[in-house]
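Kindly produce the complete structure, drawing on both the sequences and the hints.
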Amino acid sequence: MNESKQIDSAKRGAAKLVLVVVGMFGFGFALVPLYDIICDVTGLNGKTSGKYVSEQTLQIDEERSVTIQFLANNNANMPWEFRPVSRSLEVTPGKLNATEFYVKNPAKNSITGQAVPSVTPFRAAQYLHKTECFCFEQQILASGESMQMPLRFIIDSDLPKDITKLTLSYTLYDITEQISGDLAAD
Amino acid sequence: MSAVIEEHHHDDHHHGPAKGIMRWVFTTNHKDIGTLYLWFSFAMFLLGGSFALVIRAELFQPGLQIVEPEFFNQMTTMHGLIMVFGAVMPAFVGLANWLVPMMIGAPDMALPRMNNYSFWILPFAFTMLASTLLMEGGGPNFGWTFYAPLSTEQGPPSTTFFIFAVHLMGISSIMGSINVIVTILNLRAPGLTLMQMPLFVWTWLITAFLLIAVMPVLAGVVTMMLMDIHFGTAFFNAGGGGDPVLFQHVFWFFGHPEVYIMILPAFGVVSAIIPTFARKRLFGYASMVYATSSIAFLSFIVWAHHMFTVGMPLAGELYFMYATMLIAIPTGVKVFNWVATMWQGAMTFETPMLFAIAFVILFTIGGLSGLMLAIGPADFQYHDTYFVVAHFHYVLVPGSVFSIMAAVYYWLPKWTGNMYDEALGKLHFWLSFVGINVLFFPQHFVGLAGMPRRVPDYNLQFADYNMVSSVGAFLFGFSQLLFLFIVIKCVRGGVKATDQVWEGAHGLEWTIASPAPYHTFTTPPDLKDISEAHG
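These protein sequence lines are chains A and B, in that order.
Residue numbering for the first sequence follows my numbering, starting at 267 and increasing by one per position.
Residue numbering for the second sequence follows my numbering, starting at 101 and increasing by one per position.
No lab work stands behind these hints, which were simulated from the structure alone.
Ideal Cβ positions, reconstructed from N, Cα and C, are used throughout, including at glycine.
Please note that a few of the clues may not be correct.
[Said to hold, decoys possible] Examples of chain A residues toward chain B, derived with CB under 10 Å:
#1 Gln272
#2 Ile273
#3 Val284
#4 Phe291
#5 Lys317
#6 Val319
#7 Ala342
#8 Pro345
#9 Val382
#10 Ser384
#11 Glu398
#12 Pro426
#13 Lys427
#14 Thr433
#15 Thr437
#16 Tyr439
[Stated by the list, open to error] Here chain B is said to cover these stretches of chain A; the calculated rule only asks that three of the stretch's residues, wherever they fall, bring their Cβ under 8 Å from a Cβ of chain B:
#17 355–361
#18 364–370
In C-alpha cells, the structure reads:
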C-alpha cells in the first residue's frame, strides 16, 4: 500500500539522518586534532612545536640581529616564583642560543608544574626552533626547592625580514591534581 | 487550545483525542504536539523574561541595589539559555508541527511517536536546568556561551546538570528536525514539488538540516567540558596541552548556524504573512529559496567573527570579515523581496501584518548593526559591549519573537476556529513595538560609549540610557501578559473564523475547516491548482 511505502521510506530517511548526526558528533571531536594540526602548520595560535632536530645545518645569517624577549607568567593558583634569568637577548638567526628560567616553590607542599609556551607575533612561532626546553617536560619541586630551567633555541634564518623582535612567553600551570588524578585512574 | 478539539465531532474512522491529561502525555497528533510546544515555549518565554527583568531592575540605576553580582551573572546566563533553547527554538518547532503537515497536505508528521518523545524531553531538560538555581553554589554563571576555562575550572558544581540539560535539549532538537525533514521529503501531497512548497516549509527544511549538522557539535563541546571537569582530560586546559581558544572555535561552529536556526523559520513566517495582507503573490519566490539556502551555507564558514579579539592572524580576520559581509547579500535579497511584495499591494494592517512589517524594519536595523560588528578592526571597540547586546536583541526579539507572535495571530483563527480580538491585538503590537525600541535602542549608544555587557554595575555616564532601557523592558515584559490574555480569550471563544480566515490567504492550510479538524488530509488533497500551495 502506498501509505506503508511512504512510512518505510520515511524510516529509511530518518536512519540516514541519524548517521549524519553521529557523524557530526564525531566531527566535533575531530575538530580537536584538526585544530592542533592547523595551528601546527600555520603557527596560528603562537604555539611552538616540539623538540627540534635539525636535518641539515641551518644557514647562519650574520648580517641580521633579532631581539627575543622572555616573559614568565603564572596561571591562576600557581604559587611558584617564575622568571627569566635574562629578560631579552640579541641573537643571530641560525645560531644556537641558551638561556635559563628560574623557578622556586615557596608553598608548603610539593607541586608539579607545566609551562606552556606562546610566541608573538604568531607567524614567528614556526621559525623558533627549540632544541631543549623545560616546557617539554614537567617539573616537580618540593617545598622551598628552586631550580634553573634550561632553554636552548635557534631562530630560523628564514624568519620574515620585517620581524626584528619577538616575544616568547611561558605560562606556568599547577598540574599536581591532574597528575595524581591520572595515577589514581591507572 | 483544548476547547477547540473537544468540539470536534466523532468519526468512525478517525479517533478524536483521548480525554484528560493522558491525552497530552501520550499524544502522537501533530496538532496536539504543536500546541504543547507552543505553550511550553510561552512558559519559558515568561520565565526567561522574568530573569531579564531582574537584570533590567538591577541596571535601572548604577550601583548594586537588588541582587548580588554572583546572582546577576546567573540571571544573564539563564536568561540567554532559556530564551534561546526554551523559548525561540521550541516555538518554531511548535509552529512546524502545526503547520508543516497542513501546508504539504500530509496527515501527520512522518514519525509521530518520536515527535512525542522530542517534546516530552524538554520539560525534563528545563526543569533540570532551572533547578540549578536552587543548588549549592548556584546555577551556571558563565554566560550562555559558557566559555572554557571559566565554565570548566571556575564554574559552580551545578555545571554538570547544565551539561546534561544541554544534552537533552540537543537530543530533542535533533529528533524534531529529523522528523521535519522526513515529513517534508516523504509526505508531500502527490504532485506537490519542492519548488511549490510554501516558504515556511522551505525555511524549516533548511533549518532542520542546520540543526542536524550543528546540534551534535554542541553535544560534543559540552561532552568535552564534562570530560575536562570529571575525567581528567584537558581539551580546554592549556596546562594539560589543551587550548581554551579551541573551545571558542568548536562552540561558534555550532553557535553561528544556531543564530540562523532561530531566524530562518521567521523568514518563512513573514513570507507567508506579507503576501496575504498585501493581496499579492510573494515577489521572487525562487530567489527566496536560493537566498535562504545561501544564508544557511554561509553560516558554516563565518563562525570566527564572534572571536575577532582572540588574536587571529590578519588573514583570518580578513577572511571572516569578508565572508560575514557576504551574508548581507542574500539577506538583502529577502528584505527587498518583502518590500517588493508590499509595493503597490492592497495592504491592510491586521495584527499579524503589523508584526510582520515591524519584523522587516527592525530586523534590518539589527542586520545593519551586525554589519558594523562584522568590520574586524571596528569590532575590537564593540566587542563585549552593550552594542553587541543591542545587535542580537534586535535580530532576536523584533526578529524571531515578533515573527512568532505574528504567526500565532495569523494562524490562531485556523487553530481555534475563533478570531482573536483585533483591537487588543493591535494594542499588544503597539505596546510591544514601543517597548522593544525603548528597551534596546539606547543600548546601541551605551555600547558605543563603552559600557561592557554582563555587568551588574556601571559607570555613572551610562545612567540615563540604562534607566530608559529598563523602563522599556518593563513595558515590553508586562505587555506579554496581554498577549497571554488575548490568546486565552481567543481559545475560549470569539467571532467564528471562516475556512480561509484572511481574504488574501493562499495555501493548503486555508482549504480545511476552521478550527482545523483533529485529523486532516488523511487522504491527500487534490491539487487542482498547485500554485495554491504557496502564498
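Outcome of the hint check:
| no. | hint | verdict |
| --- | --- | --- |
| 1 | Gln272 | holds, 5 Å |
| 2 | Ile273 | holds, 7 Å |
| 3 | Val284 | holds, 7 Å |
| 4 | Phe291 | holds, 4 Å |
| 5 | Lys317 | violated, 15 Å |
| 6 | Val319 | violated, 21 Å |
| 7 | Ala342 | holds, 8 Å |
| 8 | Pro345 | violated, 14 Å |
| 9 | Val382 | holds, 5 Å |
| 10 | Ser384 | holds, 9 Å |
| 11 | Glu398 | violated, 19 Å |
| 12 | Pro426 | violated, 13 Å |
| 13 | Lys427 | violated, 17 Å |
| 14 | Thr433 | violated, 13 Å |
| 15 | Thr437 | holds, 7 Å |
| 16 | Tyr439 | holds, 3 Å |
| 17 | 355–361 | violated (count 0) |
| 18 | 364–370 | violated (count 0) |
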